[in-house]
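Undergrad: Required output: the full structure, derived from the provided sequences and hints.
Those protein sequences? They're chains A and B, same order as listed. The letter at position 147 of the first sequence is residue 147 when you use this note's numbering, and the numbering goes up by one with no holes. The letter at position 12 of the second sequence is residue 1012 when you use this note's numbering, and the numbering goes up by one with no holes.
Each hint can be trusted.
In silico DSS-like links for lysine-lysine, alpha-carbon gap of 27 Å or less:
id, chain 1, residue 1, chain 2, residue 2
1, B, Lys1163, A, Lys265
2, B, Lys1212, A, Lys175
3, B, Lys1182, A, Lys248
4, A, Lys7, A, Lys327
5, A, Lys286, A, Lys194
6, B, Lys1084, B, Lys1182
7, A, Lys305, A, Lys369
8, B, Lys1212, A, Lys265
9, B, Lys1211, A, Lys175
10, B, Lys1178, A, Lys265
11, A, Lys76, B, Lys1178
12, B, Lys1059, B, Lys1084
13, A, Lys428, A, Lys465
14, B, Lys1016, A, Lys369
15, B, Lys1182, A, Lys232
16, A, Lys189, A, Lys169
17, A, Lys73, B, Lys1016
18, B, Lys1181, A, Lys248
19, A, Lys194, B, Lys1211
20, B, Lys1182, A, Lys76
21, B, Lys1025, A, Lys248
22, A, Lys174, A, Lys194
23, A, Lys248, B, Lys1178
24, B, Lys1178, A, Lys81
25, A, Lys126, A, Lys194
26, A, Lys232, A, Lys194
27, B, Lys1178, A, Lys73
28, B, Lys1025, A, Lys369
29, A, Lys170, B, Lys1211
30, B, Lys1181, A, Lys76
31, A, Lys81, B, Lys1182
32, A, Lys162, B, Lys1211
33, B, Lys1212, A, Lys189
34, A, Lys194, B, Lys1076
Keep in mind that the hints were calculated from the coordinates and are not lab data.
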Amino acid sequence: MHSHVNKFIETAREELKNEPSQMFLLMVSLGAPILRQIGMSSFPDIAAAESYSRAIRADVIARLPELLEEFEKNAKARGAKVLWAQNAAEANNIILDIANRGDVSYVMKGKSMITEEIGLNDHLIKNGVEVFETDLGEVITQNLNLHPFHLVGPAINVPPEKISEVFLKKGLIKKASTDPVELGGGARKYLRDKFRNLQMGIVGVNMAVAETGTIINVENEGNIRLIKSSPKTLVAIMSLEKVVPTIKDAIYMTRMLTRNCTGQKITSYVSMDTGPKKPDEQDGPKELFIIILDNGRSEIYRDFKTREILKCIRCGACLNTCPVYTKIGGYPYGATYCGPVGQVLTPMLAGIESTADLYRACTLCGMCKQICPAGIDHPSLLLSYRARQIAIKNQKGKKTMQSRGENAMAGLISLGMSHGWLWNFGLKITRPLMNSLAKDGYIGNIPMGAQGWFGCRDLRAIPSKTFHETWNDLPSLPEPSGNASKKEDS
Amino acid sequence: MPVREEILERLNSATKSQNVDRPAKPTLSEITLNREQMIQRFESELSGRTGVLYQAGDKEDALRILLDIITAEGLKSFVASSEKIHGVDIASLGSKNGLSVTIPKDLADRDSLRDAAFAADAGITSADFAVAETGTLGLIFNHNHPRLLSIAPPLHIAIMSVKDLYPVYENVMEIVFKDTKKIPSQFSFITGPSATSDIQGIEFKGMHGPKKVFVIMIMQE
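TA: See the structure below:
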C-alpha cells in the first residue's frame, strides 16, 4: 500500500478546487442515499432488516476464530487448498509462488480491496508476472496509476477525456472517444482474448460461509464470473473477517450489501463456489486456493474497542453520507480505504502516530454510524483514536501534542476544569479582555495563537454572569402543589 | 509456530465478546406471493434490468419463441448446455435452420470449450431456478452445464420451467445447499445482463458478460 496519508490537508485543498471531483461528489451525496432508500424500501420493516444484518456481523465478531476454523475445515473437505498469511509480504509471495509453478505469463484480477491493500500488482509485476485488472474502474485506475476515488466506483470521477487518452495510448481503443459505452467496449474487446486464454485468476471474497466452505462474489460486470470459470488455477484471497456463519446469513447479507452499495436489490451476478471443479466438469478451476490473510486484523481483534471495525462489509454507504468525504472525495485519505471506513481502518493498519489527519477529519455527526448495515460506531472509534494519540508519550516521557502552546493551553484548561472556583476566577479575569475582541456577540479571533481553532468557528462572547450567578438571581420558584399528583408521578 | 496457529492463537487469546442474541429474522413480503404474482413480479424485476421474459405454453411454443429470438437478433452460432433443454430440441433446431450449435459434451477439453464459448453468438442454457424477488435466475454448474456458456457469449437465452419459480432466494438456497455432500462446485444467481457504471456513473449493459438476457419460461411440460 503506497500510503500518502501525510498529505491529507494538502490533497483535500486541491480536491476542493477540482471541478470534476466536486461535480461528481455533489451527484453522489444527492443521489446515492436516494438509491439506497429505494432499494431498502422493498423491506416491510427497514429498521428490523438493519438490526438483523447488524446482529449477523456482531455474531461473526463474537465467534470469529471458531467460524474461521469451521470454514477452513469445510472448504478443505470440498477440495480447496486453504493457506494462511500473516501479512502482505507472505500473501504476495504465496500468490507469486503459485504463478511461478506453471506456464503462467499473466494473471487477471477481479475487483478486490484486499489485493490493493497488500500491493499485489506491484509485487507480481516486479517478479515478471503481468497483471490485468478487469473491473472497468480498476482498468482505469491501473492505467492512470490512481488511488481509488470511491470504494465501489474507484474511477468514477475520472473525466472521459482522460480515459480516452490513456486507452488510446495503450491500444484499448482505436480512435478517441468520450462515450462511456465506447470506452467500456474498448476494455471489453481488449480483455476478451485474455479471459479466453487465462491460466490463472485472482479474486477477492465478499463472503466465506463457515457452514459449507463456500466463497461468494458479488459483482455486476461479469469479470469475476469469467475469472472463476475460464482458468485452471484460481486464487481467492480474503481478510479473515469475511466469514459468515451460514449460507442463509450469506444471502441475507448479500441483500443488505447490494442495497447499501449501489442501491441495487441484487447485482447482476452472485456466484458461490464450493471447492474446485469436479473431475468431470469442463471448466472452473482444477485448483482452488483460498488465502486467509491477517495483515493486522488479529491485533485489531485483540483490542476490545477496535474489534468492531472487523464488522465492515465494504459496502461504501458511509462514504456517500459523510459530510467530509462528499466534499473532498477519496484521494486525501491516501490509502486503499477512504471515507469513514478508511478513517477507522487505516490508523489501525498504518499506525495511530502517522494518521492523525484521518481521525481528526470528522465532525462526529454520526451519519456513518446511523447508516452502517454492519453496526459500526465510527465516531466512538475516532474519538478513541484521538484520545490514544494524546496519550502516546514521546521519547523523553512527556506527553506529545501538536505544539507547546496547545499543551500549555490544555494544561491550563484541565487545571481550571478540575477546580470550579479557579475556573470562575479565570473567567472573571479574562472576560473584559476577551469581550473587547467580540463583534455582535461573537469572538472571531484572538491575537497570539489559536488561529487554527478560529479558522472555521467563532466563540460566543463571555456572558456577564456565570450560570450559578444567573440561577441565584432567579426569583425563587413556587413550591410544587398538589401532593396527590406527586405520589402518582413517583 | 506455523502461521495458521499463530493467527488463531492471537484471536483465541483475545477477550471474548458477549454472545449475540439475534433478533427474529424479519419476514420478507415476497413469501406470500402466489404463482401469478410471482410471474408478474419476476417479469417486472427482470425487465427493470433490461432482461426479457417470454411465457411459453409448452415446449413447441418455446421452440417457436426461440426461433423468433434467433431471427430477430440475427444469431448464427450457439453453445447450448445440452441437445434438449426442458424438452426443447436445440440440436435439431440448429440443423433444420442451418445454425451452428455446439454442445460441450462433444468438446475434448477446456481449450476447445473456451474457444467455442467465446466465439458463439449466444449461449442457450437451462435455468435450474428463478426467484421472483428480483427477477433472478439460479444456475447450478456441473458436468452437464459448464460455467462459460452463460457468461462468455454476448447473449444468454435461458430456458426454464415455471415449476422452478420461487418467491425468495432462501427457497432456492435450501434446495441447492441442503445436502452438504451434493453442493455444486458453483451456483450462481444471475439478474439481467452484465453491466457497469464505472465511467461517470453512466450505466450500460454488456461489460464483460452478456449484453442481453432472454428467459423462456415454459408453463406446462
